Amino acid sequence: MNPSLYIAFFSGILNLSIGIYLLLKNPKSNINRLFLLIVMSIIIFNIGEFFTRLSITAEEALFWGRISYAVLWLCPCFALHFSMIFPRKIIPPRYISIAKYSIICTYVIGLIIYIFFIYTTSSQNILATEWGYRVVLTASSSFIIIWFLIIFGLVIINLAYKFFRGNLYRIEKKQIKIIWTGATLLVVIGFMTNLLPPLLNFKMFPMTSLFTSIFIFFVAYAIIRYKFLSLSPAIIAENILHTMNDLVIIVNEKGDIVNVNNSTLKLLGYEKKELMNYSLNQIVKLPEGEERDGKKVFESKPFEKLYANKVLEDIEVEFVSKAGKTTSMSVSTSAMYDNDRNLDGIVLVARDLTEIKKSLKEKEVLLREIHHRVKNNLQLINSLLDLQSEQIENKDVVEIFRESQNRIKLMASLHEQLYQSKDLAKINFDEYIQDLITNLFHSYKINPDTITLKINARGIFMNVDTTLACSLMINELVSNSLKHAFPSGRKGEVIVDFNLDGDTYKLVVGDNGVGFPEELDFRNTKTLGLQLVNIFVQQLKGNIKLDRTSGTKFIITFEYIRQKKKGL
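Take the working numbering: the final residue in the sequence shown is number 669, and no numbers are missing along the way.
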């Protein structure tokens with residue numbers, strides 16, 4: 102019984118089974134196809150080894166020996182090709198064509214060397230051993246071994262480059278380590294059991310066929326263990342990735358792009374192989390005129406804040422296409438970690454803001470037009486009241502009309518400020534209050550040399566509702582001062598002071614006139630103006646107090662609610 106026959110036979114069956122199994126798992130995978138070609142080249146060796154050992158004559162053994170040595174031509178060529186795409190392609194775009202022609206040349210040169218090997222071997226290269234015939238190489242036929250070593254050396258160099266310089270995931274580096282281990286075992290055992298014994302004239306049981314199966318197992322394990330090729334969560338995730346309308350970009354722990362979906366390629370105009378190993382900063386920048394954490398959005402250690410916050414949301418950036426066109430995008434991120442909680446990579450999901458901004462711009466124009474029309478309508482109402490008041494002889498009724506007109510003018514001025522403002526959400530209160538009180542002075546025909554005005558409301562920006570409430574309170578309180586604080590042409594000063602201290606607004610409206618009557622309770626009065634002031638204070642959930650120390654001074658405080666900002 103010759104055990105080497107059984108080893109060669111069962112190794113071939115096992116290798117074929119593993120290769121077909123992986124191919125059936127994912128027939129479209131180029132990695133699986135090339136892996137099957139490597140397996141087939143080794144099966145050729147297993148078959149040749151089996152029949153060489155089984156041969157009866159030296160001529161028959163020579164025939165099968167030549168066939169088995171085809172592995173030294175085919176396997177390294179397939180392995181080199183495999184190493185270029187495993188675990189993924191990282192060839193720079195400018196070298197794609199060079200790599201393609203280099204592979205073709207490798208196959209052609211290898212074939213020529215193999216043909217030379219066939220013609221330089223004869224029955225004299227066949228050695229009979231107790232385990233059957235085997236091929237012994239001579240100086241003229243050993244070129245094929247040199248060729249094998251050169252190409253396998255390139256395979257090792259290529260994988261080493263990917264391992265140390267390829268910006269691979271840790272999982273991908275583990276795959277390379279496993280394949281290195283299997284390949285090393287195969288080469289070392291092959292030389293020790295099949296090539297060295299005949300050269301050094303000593304006997305050793307041939308183990309190469311057995312270790313071909315071990316090598317195939319190592320490669321298959323590396324692929325299956327870390328990249329399931331069936332309809333697994335990884336494949337499902339890949340399908341979801343490429344069907345999403347949003348841009349999805351995956352970067353490694355160094356900030357280099359390692360994967361993108363089809364939407365990204367379509368928007369930016371790149372081929373996928375071009376974007377691989379681009380830095381994220383090469384295609385992403387901040388909008389013009391905006392600075393955030395320096396000039397770059399993502400530094401060499403991407404998303405420094407991500408390490409602490411775990412996620413970033415709604416960062417507005419601009420993506421730069423291959424043609425140089427910029428597109429405004431909203432980016433959210435999340436981190437990927439390995440089993441040891443080390444950062445493995447970052448997933449970015451970006452949504453095109455072009456249509457959203459266009460829609461918002463249209464709505465903003467419409468909203469400005471609404472504010473403009475409301476202002477015009479309020480001015481029309483004011484004019485009608487003005488005409489009506491000319492027909493009224495009762496001075497008290499005319500005064501009521503004038504107060505109502507002042508309130509209407511105030512609201513019209515607010516809407517005018519809104520449709521002229523760059524930001525519809527905030528109003529510059531300083532500019533607005535200047536116009537408001539100037540109109541009051543004009544309405545009451547106040548001589549600015551008699552009663553002066555002092556306003557301090559710089560840096561105050563508020564929303565529409567708060568602005569309306571505050572302006573109506575100021576309108577009523579300043580009106581009271583102008584009507585009652587300075588009788589008989591008395592000179593004086595009206596003060597409006599408005600500031601934000603931390604999270605608290607403080608509004609002070611007062612004068613240095615005759616003072617507020619002691620017998621009147623401003624919280625419980627029949628006059629509409631003070632009733633409105635108390636209503637608006639309650640609406641703002643604030644407090645109001647009266648200081649009679651020098652003239653009249655109303656002090657109103659209420660809280661400022663800050664809106665949380667997202668992003669960096």
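In short, the hints are calculated from the structure, not lab data.
Since this is a predicted model, take the numbers as computed values, not measurements.
Just to be clear, a hint being listed does not mean it is correct.
Cβ pair distances, simulated, as ranges [unchecked claim]: (1) Lys374 with Glu231: 50 to 60 Å; (2) Gln383 with Tyr122: 38 to 48 Å; (3) Lys423 with Ile121: 32 to 42 Å; (4) Phe562 with Ala424: 31 to 41 Å; (5) Lys355 with Val289: 45 to 55 Å; (6) Asp347 with Ala424: 16 to 26 Å; (7) Lys423 with Asn131: 36 to 46 Å; (8) Arg624 with Thr551: 26 to 36 Å; (9) Lys274 with Ile157: 42 to 52 Å; (10) Tyr122 with Thr221: 36 to 46 Å; (11) Asp487 with Val421: 39 to 49 Å; (12) Asn363 with Asp604: 44 to 54 Å; (13) Asp347 with Asp604: 31 to 41 Å; (14) Asp604 with Val498: 37 to 47 Å.
Even for Gly, the Cβ is constructed at its ideal location relative to N, Cα and C.
Which hints, by number, does the structure contradict? 5, 7, 11
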